[in-house]
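Its first residue numbered -10, the sequence shown is counted upward by one per residue in this note's numbering.
The hints are simulated quantities; they were obtained by calculation from the structure and are not laboratory data. Just so it is clear, CB atoms sit at the ideal spot from N, CA and C, and this is done for glycine as well. Please note that the accuracy of each hint is not assured.
Now the in silico label distances, taken between C-beta atoms and shown as ranges [said to hold, decoys possible]:
no.	residue 1	residue 2	range
1	G192	N23	34 to 44 Å
2	V93	S151	31 to 41 Å
3	N170	D204	12 to 22 Å
4	Q182	F245	39 to 49 Å
5	T128	G188	33 to 43 Å
6	L124	E243	11 to 21 Å
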Amino acid sequence: MRVFFDRELDTVATFWRIYRKDGAALAFASHDRNLYFHGMCHLAAPGMIPAAIRLTSEIAHDSAEVQGALNHDSIREAELAAGLFDDAAIEIGAVDWISLDHHVLYTGRIGRIADDNSQFSAELRSTKSLLERDLVPRTSPTCRAEFCGRGCGLSASRFTRSGVLAAIDLEGNRVQFTELNGEAFIDGRLRFQNGPQTGVSFGIVDAADGWLVIDRPLVAGTSSGTHAELREGCDHTIATCGERFGNAKNFRGEPFLPGNDLLSRYGQP
């Protein structure tokens, strides 16, 4: 196995691979020419600066930072804003640009992507971050279960509809489907089955005048006739669970448990 940085001058570059959830894969190297290895062409990205990679044997998740990795010409601003890189799998490692011996140093996923008006930066989460999840349920007045997910008990297929995009408003982040009751899909989910944002999940935040308002931008190229899957929404209150879905027996919350403001409340006649 190639040992890196074991000499005063070394022919080593950093490489970075991104595997998006829509199936697209991109690879880059902090070198002045493209490098082909591991069955992929790693595009030259000399502006990519490896800052720090921290690997430990502890439970705390490892950390990594690479500046400039999201500023390559092949990564479009609209795609970042549209969420195509959200939760993408990543690999970061070192490669000898002469022999092409390489080793992956860090694996994880892309978390929150921020824009500071000069460049995009991404939060990187290692696989060990899954160990930091709080598995103990906490009390809450609303239901903690995901709608049609584990603990809810309702069938996802019962509340999922297929639709064809009839109209689109790119500036207002709005879409329109025919023969669908938009009110039922507030707090629901939309996922396109074809087009440039295939597989990306959109939250539906509002519905008015036949339009559905989604929580992230649409990229150019999404057009009328695009097929989509829509799932109804739930506001996770006991009233909605019981009256609309008849599922109060599976409600995963404590709507009548006194909260921290109990002592400061005014008496009621």
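Indices of hints not satisfied (ascending)
Every hint satisfied by this model.
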